[in-house]
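Novice: Sequence:
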Amino acid sequence: MQILLKRHFLEKIFVNFDLMNFKKELIKNILYKGLNVFLSFGITIVMVRLLGTEGNGVYSLFITNAAIITLVVSFSFNSGLVYYSAKKNFAPATLINSSFLILLIQTVIIVIAEIIFTSAFKISLFSDIHSAEISFWGCFYLFSVLLNGYVSAIFTGNKWFDILNLLTAASNFIFLLIFGYLLLQNHGNSIAYTIFVIKIFISLTALQSVVYLIVLLKKINFTFYADILKFKELRLIFMYAGVAFFSNLFQFLAYRMDYWFVNIYRSKSELGLYALASKLNQVLWLLPMTIAAVIIPFTVAFSEEIGEKVKTILRLQFSGYILMAVLLCILAPFFIPFIFGTGFSDAVYPFIILLPGVIIFTLTTILAAYFAGINRQDINLKISFFCFFTIFIGDWILVPTYGMEGAAAASCMGYTLSGISSLYVFSRLSKSNFKELLIFRKKDFSRIKSLLAGK
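Numbering (the numbering used here), first residue to last: 1 to 455.
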């Protein structure tokens, strides 16, 4: 009996220690993300001014096409890496070796798919501009992004957030310096120059991926003689990743299919305007995504305790973002033309239309991480499909007539319904009501003070 009591006491100490680590990691990640949001916003400003409306449309379409290909080919393998790294089922070196093997297979698939597609349709998978150069750089970019994703997943699953955040901040700073230098050179906004800028972006992404990999290999004292995952173990990861894949696929389409609708029914210039409005709104998702990255690995081990923390996070985040939304609606007509130039003034209206949905969708970002941590990816899948279907119908009806404003309205509806659905499911699981999850309480002030004090 005494042994059992001692064991229970020790387990409680370890749980409390890990929950203190959760709070500590959360604060550090938020501070780092504040820095990275600032740097990312700077990169967005520089890139938009560097490329102009049409060039920004070409660049945004390339990145969007590359992202959907990456998602399909990867089959969300990185989600499985995060989950099983957090569970400590497999050694990091074994996961890296297996990731290398998977990456090589995926790269071959990408190259073959690009060759077949360009032969059949005379355009690249990555852009409606066809050239062997675009094909090469597109495939190279996908290889770099996949590598980056797998390495970052292992960092995240093992809770090595400090290293990952420092690397991200350093990378963003270098991106900002280089593109800032190109902006000062003022070479104009031709399509040829846009392609040149895309090449620079891809080269920097590849360099970033290599640096991430080197740091990870040193962190784990990697040896090439480490094992690879057996088929049964790989199957386990892909089973988890499979559900995450369809959830991520539907969610990605919800994020980006409006780009394709605007590109088809309107012009590259209007796509460039809408892409700016969308990117500026999605900067608001960076903080919730940072919190989500911390929630997943901790929830795997402490689902009930983290569930209570999530309630507080939802209240604080939602209250803060509502105030921010009001401020942004007032300032947007002034700061968008001032920062990006008068040529982007028409991005103001889609920006404001998107804003309510983007704010409410921050709830989905946090709760999706919690659902993933308790291995309820089925919930994320259903909500992602609901969001995708709503936006697809909205884009199909509204974009041909109303253009980018119609796309913004469709996305706002989808994001809003997704946030409400996520909140409803979590309220049922946690036996809470909407008021308890959203309305700021007096005791939350003391929690903010406690967080800021690192207690």
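These are calculated hints, taken from the structure and not from any lab test. It cannot be assumed that every hint is accurate.
Claimed, not checked - Below, in silico cross-link-like pairs of lysine-lysine (DSBU-like), each with a Cα-Cα straight-line distance of 35 angstroms or less:
1) K309 with K435
2) K199 with K435
3) K159 with K199
4) K268 with K28
5) K232 with K219
6) K87 with K232
7) K435 with K28
8) K159 with K230
9) K122 with K199
10) K431 with K382
11) K28 with K309
12) K311 with K443
13) K311 with K230
14) K219 with K122
15) K87 with K443
16) K159 with K443
17) K382 with K232
18) K28 with K87
This structure is a prediction, so every number in the text was calculated from the model and none was measured.
Novice: Assess, step by step, whether the Cα of K268 is no farther than 35 angstroms from the Cα of K28, and give holds or violated.
Specialist: The hint is violated at about 40 angstroms.
Novice: Is K87 close enough to K443, meaning Cα to Cα at most 35 angstroms?
Specialist: Measuring from Cα to Cα gives roughly 33 angstroms; hence the hint holds.
Novice: Quick one, are K309 and K435 close enough, alpha carbons at most 35 angstroms?
Specialist: Holds - the C-alpha atoms of K435 and K309 are around 16 angstroms apart, at most 35 angstroms.
Novice: Taken at face value, is the distance from the CA of K232 to the CA of K382 at most 35 angstroms?
Specialist: Holds, at roughly 27 angstroms.
Novice: K28 and K309 were given as a pair; does the straight-line alpha-carbon distance stay at or below 35 angstroms?
Specialist: Holds. K28 to K309 sits at ~16 angstroms (cutoff 35 angstroms).
Novice: Taking only the CA atoms, is the gap from K159 to K230 under or equal to 35 angstroms?
Specialist: Distance of about 25 angstroms is within 35 angstroms: holds.
Novice: If you draw a straight line from the CA of K199 to the CA of K435, is it 35 angstroms or shorter?
Specialist: violated, 49 angstroms
Novice: Do the alpha carbons of K28 and K87 lie within 35 angstroms of each other, as the hint requires?
Specialist: With a Cα-Cα distance of about 22 angstroms, the restraint between K28 and K87 holds, given a limit of 35 angstroms.
Novice: Hint check: K232 vs K219, CA-CA at most 35 angstroms. Holds or violated?
Specialist: holds, 27 angstroms
Novice: For the pair we were handed, K87 and K232, check the Cα-Cα distance against 35 angstroms.
Specialist: Given that 35 angstroms is the threshold and the Cα spacing comes to 17 angstroms, the pair holds.
Novice: Given the proposed pairing of K311 with K230, does the C-alpha separation stay at or below 35 angstroms?
Specialist: violated, 39 angstroms
Novice: Between K159 and K199, is the straight-line Cα distance small enough, at 35 angstroms or below?
Specialist: Cα-Cα ~33 angstroms, so holds.
When held up to the earlier numbered hints, the structure conflicts with 2, 4, 13, 14 and fits the remainder.
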